[in-house]
Amino acid sequence: MNVIIVGGGTAGWMTAAAIARLLPTRASVHLVESEAIGIVGVGEATLPHIRAFNERLGIDEADFMARTRATFKLGIEFRDWGRPGDSYIHPFGTFGRGSGEVDFHQYWLRMKHEGRPVAELEQYSLACMIARLNRFELPSRDSSRLDSTFGYAYQFDATLFAPYLRALAERLGARRTEGRVVGVDRDGESGDINAIRMESGETIEGDLFVDCSGFVSLLLGKVLGEPFQDWSHWLPCDRAAAMPCRTETALTPYTGVIAMPGGWRWRIPLQHRTGNGYVFASAFLSEDEASEAIAAAVEGEPIAQPRLLRFTAGRRERSWVHNCVGIGLASGFLEPLESTSIYLIQQAITGLLELFPEKEISPVDRDEFNRLIDLEYDRIRDFLILHYHATERTDSPFWDYVRNMSVPDTLQEKIELFRRRGRVVKYREGVFLDASWIAVYLGQHIIPEGHDMRADAPSAEALGRAMESLRAEIRATAERVPDHVGHIARYCPMAA
Amino acid sequence: MSGRAPSIHAIVVVGGGITGWSAAAALKKRLPALAVTILPLPPPPDALADRIGSTLPSIAEFHADIGLTEADTVVRAGSGFRLGTWFEGWAEDPPAYVHAYGEVGRPFGTASFHQHWVRAARLAAAEPFDGHSAAAAMGRAGRFVHPREEPGSPLAGFGYGLQISPARYGEMMRAYVRHLGVAERAGALAAVRLRGEDGFIEALRLDDGSELRGDLFVDCTGPARRLRSALGEAFEDWSRWLPCDRLLFAEAPPAAELPPLDKAVATGAGWRWEAASPLRTSHGLAYASAHLSDGKAARALRVAAGAEAEGDAVALRQGRLAEPWLRNCVAIGDAAVAVEPLEWTNLHLAHDAVDRLVSMMPDRDCSAVELWDYNRQANAEADRVRDFLALHYIASRRGEPFWRAAAAAEPPPSLAHTLSLFRERGRLPYYEEETFARDSWLSVLLGQDVLPRRTDPLIDAVAPAFADDAMARMRSAIAAMVPTLPTHSLYLQNLMRQSAR
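Taken in sequence, the protein lines are chains A and B.
If you're matching positions, the first sequence starts at 1 in the numbering used here and goes up one per residue.
If you're matching positions, the second sequence starts at 1 in the numbering used here and goes up one per residue.
It is worth saying that the hints were derived from the structure and are not from the lab.
Computed from a prediction, not measured in an experiment: that's the story for all the values here.
Among these hints, one or two may not hold up.
[Claimed, not checked] To spell it out: a stretch of chain A is covered by chain B in this simulated footprint if at least three of its residues, at any positions, have a beta carbon under 8 Å from a beta carbon of chain B; those stretches are:
(1) 81–94
(2) 394–402
[What the hints assert, rightly or not] Just a sample of chain B residues kept apart from chain A, beta carbon distances all over 10 Å, derived:
(3) Pro32
(4) Arg168
(5) Ser367
(6) Ala395
(7) Pro457
(8) Asp460
(9) Ala461
(10) Ser476
Even glycine gets a Cβ: it sits at the ideal position worked out from N, Cα and C.
Based on the sequences and whatever the hints tell you, model everything.
What follows is the structure, given as structure tokens:
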């Protein structure tokens, strides 16, 4: 199979490296990109899943982190979301020990309902406590230990990740052609893509085309005309003003996500700089106002002027059409509120590898790929909407809108169920599991009226003692963890 | 907490079979603040969860959750162990196959084990798929040990169910229920009295004129659904895919050497089973009345079992309630899902329903959103069990009219999806609330000779000769180990002796 990848950003080179590494006998990889176009460089902050991807590609963690100037990430701090002044962490880890028949938060809810003294929920999460102390070390692999109850991801410079993967992919035999795509040849009968034509006059034929061209969606959107499902009525943010600055505060092992009057801003600390950006809704805030606001908000000396990005939340109805698979922004966009951009790329690549076609593409494979991608998008979409909808903010028209908008039924059911007895709709596939939903619900004041009846089994005294001793053990364990800065200096310092 | 309905306090369980006793035990043990009352109506002959002795590995978790150990459930209750099922005659050509619980083969390289096996089977005649399962090999050899803890041991990755003797097991469970403090009411059910304003059950009227009140009613009365029939019983019929509508039972004295595999043998118009416990060997026949008369079925069973059929043929209407939980009445066991005993899911479905009820106990108003979540999960589970059972018929290859019709049935959409992905490239899609693990699906698919058109390209990196060698080593490790293990009967005797000390 000749696989032609159009576009050389994060999505393009991740796809190229993965196919070259894992299907060496089935596919040849040829990537075309134009240096004149530039890349968006999505997803400076990632989810823990990326570690599995890197491992499969045989990437050495310390080397990768040094080259991409990466830091560790234990979760996301959400500031000012439910109410101004709020702060909670969505941890990559459990509340409590994460074992046991009844979810930990059920005991916590019972204490609340009985009016007993109980600490903030995050004090019962080791990931949260290590994060709050700006510390880091790798989790234990022994699942009986408390220090195995967290995972981690990276915050890295996305503009360095693509070149890093490019070097790997080219070592593995991927070809690269520089230049612009100016035309596409399609089969008159089937409508499949036969070849792309380059500005240089060269024609590149292929069997499978992977569209990693970013927002323009050159093949999937423009050539094949796959319709775009617009979700901006639920996710109205459609602009971002990005502005990196020097890191002058503590190197936090978590991403900051701070609610703003017209949206929210990110704060992503890397080894050499801090990424910042204001994601906002142009219907409620002008581009100039946003640029001024982000310049005023950054916590260190700016390194560049604010740079503007435009997008629409939503996705192509199908990601795989004919012999063309869209991966990354070419297939859809969800704002980086929960760091899902690279995750979505990764899931599409995994799906493509598992359903890798023969020359005659089977509709069974294509339909299954699209079903898997649907599932991922829909679940992330609901989770993102929850952040906006579960708010008591009344300080701007933007927040009034999202607070009052109607949400998808699939989300409404989840919220109502949680409100009753703190139950989280469980599914084993999908990116955000129970702890993530619990963190956001409780962090944004969706407090259940009741709790799981099984949590009533222990006596109040015994439960109080057990909760307190767990809290103290988590605190003591977190305090023994070394400093984040020091850990990076020893493990993966960037080249000076 | 203004406006919130009060918590549920009084629960009434109706049904005196294993399902009813198990539900009462779990509710009282796991939610001790509840007042649980049971009305143990005698189980009808068509309540299969109360009658079938073969159980799945999940029974161990159910027992652990309510505080019972194998000293109670095996030694005291006279049970044996079971490693899986021996399937014979489901397809004409391939030999019998074993569906054992747990892992088949070990993954090597970049894709799952079965992909390597499929490639080998497509290139040449491969050794049977189940030959790479230690549990299947133990079962074929009549041997049994508990799984080992150490990872990497060929004996680490399997599960086992129990072969219970329902009468004895039921007595054990009844004694335990009394010990836990569940109130037992004697009497027969005369009427179900509904509340005018919302149709909730207010009370049960008994034949002596007394009433039994409660906040929540659990219907474990089998397909007759003595409580639910008063509320509504919209039912999804599965007979298109599961064509057997009659069951006949027989019992024979126990065997000297107990096979740890049940037998499921396809016959002209259905299939028959044979399951050995230390107290009895049970036999049965599932068949379609359109293809076999009750008289002929009884004769066939007598020949196979060497014993007369017990009672008349039992009619079976396979399917499930559209909503197992409606208002303040939840149907559990055969009252919720009626399926033939193929793959022995009857008590498993009842146990999972009880577990779900315990963990999802709502307030007294039984709010719609909580019932929605319960019913969604319960239905998803039941539908996938239906798919797994239907697979045995759809993938059958026999000449009789019954089997030709069964194999030609249009599968339900979720099974069609599974089959199309599997036939294309050996992929199995994931479904929520799945009872049977991937290796169980594979055991039946590959055992009945459903071969994918091609293999996963991710295995290309492993040369076929290397894979053949790895598989041969797995088989010889299993073959060397099995003869060193005790027979199932000997193992049980040792267990009895140890616990007597």
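Hints versus structure:
Only residues whose C-beta sits within less than 8 Å of a C-beta in chain B count toward coverage, and the segment 81–94 of chain A has 0 of them, not enough to reach three; the restraint is violated. Check on the segment 394–402 of chain A: 0 of its residues sit with their Cβ under 8 Å from a Cβ of chain B, so the three-residue criterion for coverage is violated. Separation of proline 32 (chain B) from chain A is inadequate, the least Cβ-Cβ distance of about 6 Å not exceeding the 10 Å criterion. The beta carbon of arginine 168 (chain B) sits about 29 Å from the closest Cβ of chain A, which is more than 10 Å, so the claim that it is off the interface holds.
Not every C-beta of chain A lies more than 10 Å from that of serine 367 (chain B), the closest at about 6 Å, which undercuts listing it as non-interface. Distance check for alanine 395 (chain B) against chain A: the nearest CB is about 18 Å away, which clears 10 Å, and the non-interface claim stands. Distance to chain A contradicts proline 457 (chain B) as a non-interface residue, since its nearest Cβ pair spans about 5 Å, not more than 10 Å. Not every CB of chain A lies more than 10 Å from the CB of aspartate 460 (chain B), the least distance being 5 Å, so the non-interface label is violated.
Once the 10 Å rule is applied to beta carbons, alanine 461 (chain B) is inconsistent with being away from chain A; the minimum gap is 7 Å. Every CB of chain A is more than 10 Å from the CB of serine 476 (chain B) (nearest about 30 Å), matching its label as outside the interface.
Consistency note: the structure conflicts with the earlier hints numbered 1, 2, 3, 5, 7, 8 and 9.
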